[in-house]
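S.K.: Using the sequences and the hints, build the whole thing.
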Amino acid sequence: MTTQREGPAGLNVTMQRLLHDMRRSLASPSRTPRMATVLGRLLGLAFVVCFATGLYSHFLQDPLPWMHFATRPTWLYQVSQGIHITAGIVCFPLILGKLYVVFPELFQSPPVRSFPHFLERASIALFVAASLVQITIGLLNTFQLYALFPFPFRQTHWALSFVVIGSLAIHIGVKLPVIAKHWRKKPERVARQLTFSTGGAPKAPATATRGVTGRVFAWIDQTPGQHPSPADARTSRRGFLATIAVASAALVALTAGQSFRVLDFANAFGPRKMGTGPSGVPINRTAEAADVLTTANAANWTLTVTNGDRSMLFSRDDLLAMQQYTVRLPIACVEGWSQWATWRGPRMRDLADLVGAGPDVYFRATSLEQDSIYAVMEMGPEFVRDELTLVALELNGDVLDIDHGYPARMIAPARPGVLQTKWLSSLEVI
Amino acid sequence: MSGISRAGQRPPMSAAAMRAWRIGFIVLGVAGLVLGGVVLLDQVNPSRYLGILAWFIGALVIHDGIIAFGVLGVSLVLRRAGRRVPVAVLAILQGAIVVGAIVALVVFPQIYKQGVGTLNPTVLPLDYAGNLVVFYVVLAALTAAVIAGYLAVRARRARTGSARS
Numbered sequence: 001m002t003t004q005r006e007g008p009a010g011l012n013v014t015m016q017r018l019l020h021d022m023r024r025s026l027a028s029p030s031r032t033p034r035m036a037t038v039l040g041r042l043l044g045l046a047f048v049v050c051f052a053t054g055l056y057s058h059f060l061q062d063p064l065p066w067m068h069f070a071t072r073p074t075w076l077y078q079v080s081q082g083i084h085i086t087a088g089i090v091c092f093p094l095i096l097g098k099l100y101v102v103f104p105e106l107f108q109s110p111p112v113r114s115f116p117h118f119l120e121r122a123s124i125a126l127f128v129a130a131s132l133v134q135i136t137i138g139l140l141n142t143f144q145l146y147a148l149f150p151f152p153f154r155q156t157h158w159a160l161s162f163v164v165i166g167s168l169a170i171h172i173g174v175k176l177p178v179i180a181k182h183w184r185k186k187p188e189r190v191a192r193q194l195t196f197s198t199g200g201a202p203k204a205p206a207t208a209t210r211g212v213t214g215r216v217f218a219w220i221d222q223t224p225g226q227h228p229s230p231a232d233a234r235t236s237r238r239g240f241l242a243t244i245a246v247a248s249a250a251l252v253a254l255t256a257g258q259s260f261r262v263l264d265f266a267n268a269f270g271p272r273k274m275g276t277g278p279s280g281v282p283i284n285r286t287a288e289a290a291d292v293l294t295t296a297n298a299a300n301w302t303l304t305v306t307n308g309d310r311s312m313l314f315s316r317d318d319l320l321a322m323q324q325y326t327v328r329l330p331i332a333c334v335e336g337w338s339q340w341a342t343w344r345g346p347r348m349r350d351l352a353d354l355v356g357a358g359p360d361v362y363f364r365a366t367s368l369e370q371d372s373i374y375a376v377m378e379m380g381p382e383f384v385r386d387e388l389t390l391v392a393l394e395l396n397g398d399v400l401d402i403d404h405g406y407p408a409r410m411i412a413p414a415r416p417g418v419l420q421t422k423w424l425s426s427l428e429v430i
Numbered sequence: 001m002s003g004i005s006r007a008g009q010r011p012p013m014s015a016a017a018m019r020a021w022r023i024g025f026i027v028l029g030v031a032g033l034v035l036g037g038v039v040l041l042d043q044v045n046p047s048r049y050l051g052i053l054a055w056f057i058g059a060l061v062i063h064d065g066i067i068a069f070g071v072l073g074v075s076l077v078l079r080r081a082g083r084r085v086p087v088a089v090l091a092i093l094q095g096a097i098v099v100g101a102i103v104a105l106v107v108f109p110q111i112y113k114q115g116v117g118t119l120n121p122t123v124l125p126l127d128y129a130g131n132l133v134v135f136y137v138v139l140a141a142l143t144a145a146v147i148a149g150y151l152a153v154r155a156r157r158a159r160t161g162s163a164r165s
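Each protein sequence line maps, in turn, to chains A and B. To convert, note that position 409 of the first sequence is 409 in the numbering used here; the numbers rise steadily by one, no gaps. To convert, note that position 15 of the second sequence is 15 in the numbering used here; the numbers rise steadily by one, no gaps.
Hint data in this document are derived by calculation from the structure and do not stem from the laboratory. Note that the structure is predicted; figures quoted are calculated from it, not measured. Ideal Cβ placement from N, Cα and C applies to all residues, glycine included.
Which stretches of chain B does chain A cover? Using the computed rule of at least three CB atoms under 8 Å from a CB of chain A, they are:
1. 17-30
2. 34-41
3. 68-76
4. 95-107
5. 118-128
Taking lysine to any residue pairs in the SDA-like style, the calculated list, with each CA pair at most 20 Å apart, reads:
6. A:Lys273 - B:Gln114
7. A:Lys185 - B:Met13
8. A:Lys181 - B:Phe25
9. A:Lys181 - B:Met18
10. A:Lys175 - B:Met13
11. A:Lys273 - B:Val134
12. A:Lys175 - B:Met18
13. A:Lys273 - B:Gly117
14. A:Lys175 - B:Ala15
15. A:Lys181 - B:Trp21
16. A:Lys273 - B:Tyr112
17. A:Lys185 - A:Leu42
18. A:Lys181 - B:Ala16
19. A:Lys273 - B:Val133
20. A:Lys175 - B:Arg19
21. A:Lys175 - A:Leu119
22. A:Lys181 - B:Ala20
23. A:Lys273 - B:Asp127
24. A:Lys273 - B:Pro121
25. A:Lys175 - B:Ile26
26. A:Lys181 - B:Ile26
27. A:Lys175 - B:Ala31
28. A:Lys181 - B:Ile23
29. A:Lys273 - B:Leu119
Sample of chain A residues with no beta-carbon within 10 Å of chain B, all distances over it, derived:
30. Asn300
31. Arg316
32. Leu319
M.R.: Right under this line is the structure:
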């Protein structure tokens, strides 16, 4: 320690330097409107991708009356929901990076300048809170950690999706001049001057001595040296972007293997792993949890297929006696994981023909499972009539495991796993 | 986005167009908020609203009050500790710490859930704690290698520079 720092004067200098460092830390070279624009558009894109894939998943489960869905490619839902979850995970580094960049904006002075300014700040608070809650409960849902939040996941996630996208649109509207100004990179000498109004790079003392705060900052800024050179500022900005990129890449590489086979080898943190579970396929709800162990194993189990007054009963042997088809289809869960598998059984449309169902009819499938909103599932004609839609009796060459829906379950292309009804009890034309 | 200037090649968006776009976005956004509110009122039991509000406030407090200030503190400590360390080395080190923290943020809840138990063995089937340790070892090794590589390049440049002068 130098003699300069001893005694009250030394303490003063140390304090000054500490505050200066803090102010400089706050005024990091990465905290520029340009960086906010760069990260903001990536985060905005991720939000829009999550919203679009989320809408698709939602309407597959709760279709509006006029809706029809594509059944090809068969991996459509697998990829769409895999992207939904993976993009949601990538939102973590992106939103933390974005919030880091705009952190000085939190300390605007005065905090509220006018009523529109108050509305703007309130909308940003809502945007940040809703976004953080949305991606956090989304993540927790992928491994069913519901105990942490005292509200229903699906309904809240659905409502918040509109709040997040609405707040995003408002935010873009409010910031559009800034976004437009910084959409493209500026030459370095210009970029250096473009910092946030508060917490920008320390100004020369002469320009910042107004008021108490001005005097304090001016005093802090008198500390000699320590201003980042342009080269250092560039290194710092590149380091920041590289950090966000590496964090995003690491999370994708180490989790997306639960949805995409090419990354299965690197799956270290995915909540699911391909190839696990009976017959090499993961499970969401077990037979025990669905309380079907007795009813599904009953010797007198039958599948009732009904079209108006016409009703037929099929035992498992009856179903096995029908023409059997083998299909390769993924089971793709709303939680993002998916698994390709080989399914075998009669075609749904053959059963529909047996009860005289027309080509445009909808079917309702009912499961033996208890206490589940998915015990009853409805299916449009595009799925009923698809040649790949089976009442599956076998999975990957094995008799369907009880946890996979023995004695019979639905499997159809490009549908969420929750609609691939297990432990079938009845199919009826609606 | 049309109308945004490209370094003098295209005229900047006119004030009227900018105003129209801004109003459009804000109207769309307010409509989204209203729809979100309607869905919330329609589908979520009012007894749950307080819980959602608590999570909103909690998210802001945890981020703005704890994480952001924590990051500020860490960068302050690193800067003070490393006055003689090249900025690039500090940036690499800071980056590695941030990457490690973000991955922890995603993986810790999984380790917690594994601890309290899952509904079936195919949910969280991996050794997440073990994998996180391996990840940190790899991250530390890569960080060290990148820093060493940077310092080697810097030293070579310095030698070349001094040889020339």
